[in-house]
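Asker: Model the placement of chain B on the given structure of chain A, informed by the hints.
Now for the letters of each chain:
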Amino acid sequence: MPFLRVLTLVYLFFFGTQAYSQAVKTLNGQVMDVSNSGPLIGASVFWEGYTSQGTITDLDGRFQLSVISLPAKLIISYVGFERSIRVIHERETDKLLKFYLKPEELSLQEVIIQERRPDEQIKNLEIGKASVPIETIKNIPALFGEVDLLRSLQLLPGVQTAGEGTTGLFVRGGSADQNLVQLDGAPVYNASHFFGVFSVFNPDALKKVDLYKGNMPSQFGGRASSLIDVSLREGGRDKIHGEGGIGSISSRLTLDGPLFGKNSSFILSARRTYADLFLKLSSDPNINNNKLNFHDLSGKFSFVLGEKDKLSLSTYQGSDFLGLDNQFGLGWTNWVSSVNWNRVNSESSFFDLQAYHSRYKYRVDFEDRENGFLWKNALSESGIKANWTRIFKKSTTINWGTHHQLYSFAPIDLIPAPESAISPIATQSVQGVLLNLFGGIAHEISPQLSTEAGIRWGVYQQVGKGVQYLYPDGIPDRNIDPSDSVSFGTLEKMKFYQGLEPRLAFRYLINPEFSVKAAFNRNFQYAQIATNSSAGLPIDRWILAGRYVRPVRSDQISLGLFHNFDQNRWEVSLEGYYKDLRNVIDLRNGAQVLFTDRVETEILSGNGWSYGTEFLLRKNTGKTTGWLAYTWSRAWRQIEGISRNQPYNPRFDRPHDVTLVLNHEFSASWTAGLTFLYTTGQAVSFPVGSYVVDNQIVPLYSDFRNTNRFPDYHRMDASITWKNPDKGRKWRGSWNFSVYNLYGRKNPFAYEFRTIFNNDINFSFSDGEVVSARPGVVMTYLFTFLPSLTYNFQF
Amino acid sequence: MIRYAVIFLLSLTLMSCQEEVFLVLDQNEERLPVIEALWTDQGVYNEVKMSLSKNYYDSMDLEIIRDAQVFIRVKSSGRVIPFNFITASNSYRPHPSERARVGETYELNVVWNDKAYQASGMMLAAPIVDSVTWKFEEKRLFREEGFYIKVYGKIPFTADNNYRIRVIENDTLKNQREDYLLFDDTFGLQFFEKGLELGYSFKENDRVRLELYRLNRDAFEYLNQLVNLLFNDGGLFSPPPQNPESNIKAVKGNTPALGFFTVSPILSRTVLIQAKYD
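Those protein sequences? They're chains A and B, same order as listed.
Take the first sequence: its position 96, counting from 1, is numbered 96 in UniProt numbering, and each next residue is one higher.
Take the second sequence: its position 78, counting from 1, is numbered 78 in UniProt numbering, and each next residue is one higher.
Just so you know, the hints here were simulated from the structure itself, not pulled from any lab data.
C-beta: ideal position from N, C-alpha, C; glycine also.
Don't take each hint at face value.
[Unchecked claim] Here are the simulated distance ranges between beta carbons:
id: 1; chain 1: B; residue 1: S97; chain 2: A; residue 2: N695; range: 47 to 53 Å
id: 2; chain 1: A; residue 1: S483; chain 2: B; residue 2: E63; range: 45 to 51 Å
id: 3; chain 1: B; residue 1: N84; chain 2: A; residue 2: E640; range: 57 to 63 Å
id: 4; chain 1: A; residue 1: D473; chain 2: B; residue 2: F231; range: 54 to 60 Å
id: 5; chain 1: B; residue 1: F231; chain 2: A; residue 2: L305; range: 54 to 60 Å
id: 6; chain 1: A; residue 1: R709; chain 2: B; residue 2: R79; range: 49 to 55 Å
id: 7; chain 1: A; residue 1: I246; chain 2: B; residue 2: Y152; range: 55 to 61 Å
id: 8; chain 1: A; residue 1: F496; chain 2: B; residue 2: F231; range: 38 to 44 Å
id: 9; chain 1: A; residue 1: F496; chain 2: B; residue 2: Q69; range: 53 to 59 Å
id: 10; chain 1: A; residue 1: D284; chain 2: B; residue 2: P256; range: 45 to 51 Å
id: 11; chain 1: A; residue 1: W670; chain 2: B; residue 2: E19; range: 34 to 40 Å
[Stated by the list, open to error] Straight line, CA to CA, 20 Å or less: simulated EDC-like cross-link-like pairs of lysine to aspartate or glutamate:
id: 12; chain 1: B; residue 1: K194; chain 2: A; residue 2: E367
id: 13; chain 1: B; residue 1: K194; chain 2: A; residue 2: E419
id: 14; chain 1: B; residue 1: K194; chain 2: A; residue 2: D368
id: 15; chain 1: B; residue 1: K135; chain 2: A; residue 2: E419
id: 16; chain 1: B; residue 1: K139; chain 2: A; residue 2: E513
id: 17; chain 1: B; residue 1: K139; chain 2: A; residue 2: D703
id: 18; chain 1: B; residue 1: K249; chain 2: A; residue 2: D368
id: 19; chain 1: A; residue 1: K619; chain 2: A; residue 2: D767
id: 20; chain 1: A; residue 1: K98; chain 2: A; residue 2: E120
id: 21; chain 1: B; residue 1: K139; chain 2: A; residue 2: D477
id: 22; chain 1: B; residue 1: K150; chain 2: A; residue 2: E419
id: 23; chain 1: B; residue 1: K249; chain 2: A; residue 2: E419
id: 24; chain 1: B; residue 1: K135; chain 2: A; residue 2: D352
id: 25; chain 1: A; residue 1: K308; chain 2: A; residue 2: D352
id: 26; chain 1: B; residue 1: K203; chain 2: A; residue 2: D767
Pulled out of the complex, with its shape left as it was, chain A reads as follows (with noise of 0.2 Å):
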């Protein structure tokens, strides 16, 4: 790669100054869990006195630290754990030194919102990433007492939600396919469950999720807006330890321990709904001939293959289920694994391989001996990722690597029942292949600045087996039959694009609890839905870059202040952003995307532009964390065919949003935690009259598309959870007790104009003659007041 070596070349010519300076002697070690022996990840390690200049450990528990004057004191703090304090004398330095921490006995994981180094937020050159540990997701209240990893991220700033009860997330102005939602590296198309009530994440299983809604990292790309890393955790290698619990809705366990040995370790974990159970219970055969319920499996292995190699399996696989009367079942689910290989090549080399395989599939099945039909599709995406790490001189890190895609969209098959009169239908499978080399540099520049660069090339082609339409003038029109058709055989090449990924991103630091980050980022997506709802549906469509549809990209050019006080126990930012984006899809109106080859004559295209201002104080630390955070943002389209050709905004644009998080533990026994959220209504279109057609009362809408709002939404929540921490040492239980929506604010979910009969809008046509008409409002509003308990469970 004759192009990263010489950016590298160039980049350490203007800033490498202080990359050759004189060599520090360091100091090596690892931490390690007592019981079980599992390195703990992220743990602190500084000297005494110097709680500024520490590490964190790696993957591997480990760490290296420069060695001030010995002998010293080497403090590793790490959450849940006792504080280690040992003396360092020169001897040691020599050697790898293992320190293994206990366990509290009174773990304080529910009120650390952090586990990261205490000014991580100031040293780092992160702007626009944000992590939220599990430990603390788990102690949000929530929806029915599911814990829930994406709506807990709808918390904070800069991301925004299309409605009540969804999961979906709008990202700093970008729709929700725009986000990359990845498992141990594997993408998941689909990531809810229930129509997006709840997401596909069981929390037992997971180790940490970051949400990168700024700069991305040069080896993450594929989306315009978002990048949400979620990683499954690893089983402890000891003996058999399991959590769970069992809730309004669902019940989950966990299980972890040593598979072969010390050397490896597994983690399955498993959660069921039991809706359909609760509708059994009906008299009602309505009701009780119909199923509803998800399942989610996931499962990790993982192997130390020697001192410097590590494997690690990573699968999952969820199902959700409708299914009416024993005669309609709709059902989708994912499978995503991932294998994924760690070297350590030396102290300062190391070498990731990643192979991925993400499917998704839905089928419709429908028993009628007039109708009947099996409706079913299927999409995936492969992947192999190799990224190499160098580390020179502790000041300067560089990675390169590179990371291939295949994109494999099956024919929509609708297969009629034997007796059926409809007809087969199966569109054209569309595959695309996506080569991306990316490489980036780190390199601190001086004690106060520091910066990172990186690039990421992608090269797309979209190939065959498959059609292309040509159209009179070369524009799609539904109304007008293609000019001529081109068949492409397997692997044959349809069209291509290009695109260089600049990233960029500064920190300079004003003190040592002030910085300030700048940052560059541009992305391109090569596939996206093809939809004009605000929440997604199973049936979805994605579509990939084509002759006629060209890939969405994203510039986003963000500022932001960082400011640590009261020994980093609180966290103060404020960050700016600026995104553009082009080539965004809408659809037509009455556009009918699902049997059709030629989605391009239902869509339109276009541009789009958002920018915000996010603050946000958080406390880290002591009985009472939390935070606060205020977005002021808006986001734009510009799709000629919309609106007049003139820009508007999208559903999700809410320009005020406020979100109080607080938790509080009150005794060993007691914790508490609150929510509250506030934010401009969404963006609607109400009609502006009426009129009648067809001997219909029809609703007029103006030309111009949500220039309307929905009331402004503002809920909470809260949640208490009690534990008896001096019973039972094999067996910890605790009762969560949560509600929904507190103070029964009636929030809508949506407002539907149509004429009320008889004054009554449950009026039916059954119930009578009908003797007066006229037009109404009907606000259909979800979850006022929702109580839930849970209990949950260690061993």
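Answerer: Chain B in isolation, oriented as in the chain A frame:
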């Protein structure tokens, strides 16, 4: 189908509640003309209705436009067919002997105040309806118990397959949003030969008249968009509401017209549901 699934899911599991509310709504500065024109091969059906849009909450009667100049021009010959306002029907009608002929293209012209509108459509040949039957059916998914009508016929066309069936039950047009019966050849047309079952049940002694229309694509899409709009619940799963795209264009003035122009043959059949013949 997915609509049913979503409605079911939302109502059953999400504990949704509904209530009527009053929202302060913007008002259109201008009341827009609504033109609903039907031009068929049967003179009694041919008419143009014109009215004005109104404020959303306004429950007063429609304001009918009675002073427009309305005519249809035969594109091939340039012949003009005038329409006159008939008070009894509150619509404009041509001479009863005037009707559309297969293969001809017709241009609707409406002149009102300082505005003029045009639309055009081609008269297509009608498909073949062989028979109409009925049968008693037990309760099924999405279907209640009752008599169900099947239409048997043949559609020999490879293009312009856009159809609508209107159902008049005991002299009352079934005109709720659930009652629209629109189909094209997306799922083939074999079902028409095997018997197309109407989606609603009838009772014994019901007299049912069916009207089958073969529409131009723009009129068919207008109706599809209209039905989607009528079902739009304003929620997250619905697309942003938009007015159906009219095939009537303003040729003078900047005020758009609402409504649509239909040129279609009509095949009609009437059946009397009698259990003894089931």
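Asker: So, for every hint listed, does it hold in this structure?
Answerer: Outcome of the hint check:
Remark: the range hint 47 to 53 Å for S97 (chain B) to N695 (chain A) is contradicted by a beta-carbon distance near 27 Å. Here the CB-CB span from S483 (chain A) to E63 (chain B) is close to 47 Å, well matched to the stated 45 to 51 Å. Checked against the given bound of 57 to 63 Å, the beta carbons of N84 (chain B) and E640 (chain A), roughly 42 Å apart, lie outside it. Between D473 (chain A) and F231 (chain B) the C-beta distance comes to about 35 Å, which lies outside the given range of 54 to 60 Å.
Under the hint 54 to 60 Å, the C-beta atoms of F231 (chain B) and L305 (chain A), about 58 Å apart, fit the expected range. In this structure, R709 (chain A) and R79 (chain B) meet the distance hint of 49 to 55 Å, their C-beta atoms being roughly 53 Å apart. Distance hint check for I246 (chain A) and Y152 (chain B): the Cβ-Cβ separation is about 57 Å, which falls inside the suggested range of 55 to 61 Å. Look at F496 (chain A) against F231 (chain B): about 41 Å separates their beta carbons, and that is inside 38 to 44 Å.
Checking the proposed 53 to 59 Å range against F496 (chain A) and Q69 (chain B) shows it holds: the Cβ atoms sit about 57 Å from each other. The supplied range of 45 to 51 Å is met by D284 (chain A) and P256 (chain B), whose beta-carbon atoms lie about 49 Å from each other. The beta-carbon spacing between W670 (chain A) and E19 (chain B), approximately 38 Å, falls within the hinted interval of 34 to 40 Å. Restraint check for K194 (chain B) and E367 (chain A): the C-alpha separation of about 17 Å stays at or below 20 Å, so the hint holds.
A hinted pair counts as satisfied when its Cα atoms are at most 20 Å apart, and K194 (chain B) with E419 (chain A) qualifies at roughly 10 Å. As the CA atoms of K194 (chain B) and D368 (chain A) are separated by approximately 14 Å, the hinted pair is consistent with the 20 Å bound. Between K135 (chain B) and E419 (chain A), the direct Cα distance comes to roughly 18 Å. Compliance with the 20 Å bound is thereby established for this hinted pair. Under the criterion of a C-alpha separation no larger than 20 Å, the hint pairing K139 (chain B) with E513 (chain A) is inconsistent with the structure, at around 72 Å.
About 43 Å separates the Cα atoms of K139 (chain B) and D703 (chain A), which puts this hinted pair outside 20 Å; it is violated. The suggested pairing of K249 (chain B) with D368 (chain A) is violated, with an alpha-carbon distance near 43 Å, which exceeds 20 Å. For the given pair, K619 (chain A) sits about 58 Å from D767 (chain A) by alpha-carbon distance, which is inconsistent with the 20 Å threshold. Distance check on the hinted pair: K98 (chain A) and E120 (chain A) sit about 24 Å apart at the alpha-carbon level, beyond 20 Å; violated.
Between K139 (chain B) and D477 (chain A) the CA atoms are separated by roughly 43 Å; this puts the pair beyond 20 Å, and the hint is violated. Pair hint K150 (chain B) plus E419 (chain A) holds up; C-alpha atoms about 16 Å apart against a cutoff of 20 Å. Proposed proximity of K249 (chain B) and E419 (chain A) is contradicted: the alpha carbons are some 45 Å apart, above 20 Å. Among the hinted pairs, K135 (chain B) with D352 (chain A) is inconsistent with the structure: their alpha-carbon atoms are about 68 Å apart, more than 20 Å.
In summary, the hint linking K308 (chain A) to D352 (chain A) is supported, as the alpha carbons are separated by about 12 Å, within the 20 Å threshold. About 16 Å separates the Cα atoms of K203 (chain B) and D767 (chain A), which keeps this hinted pair within 20 Å; it holds.
Of the numbered hints given earlier, the model fails hints 1, 3, 4, 16, 17, 18, 19, 20, 21, 23 and 24; all others are met.
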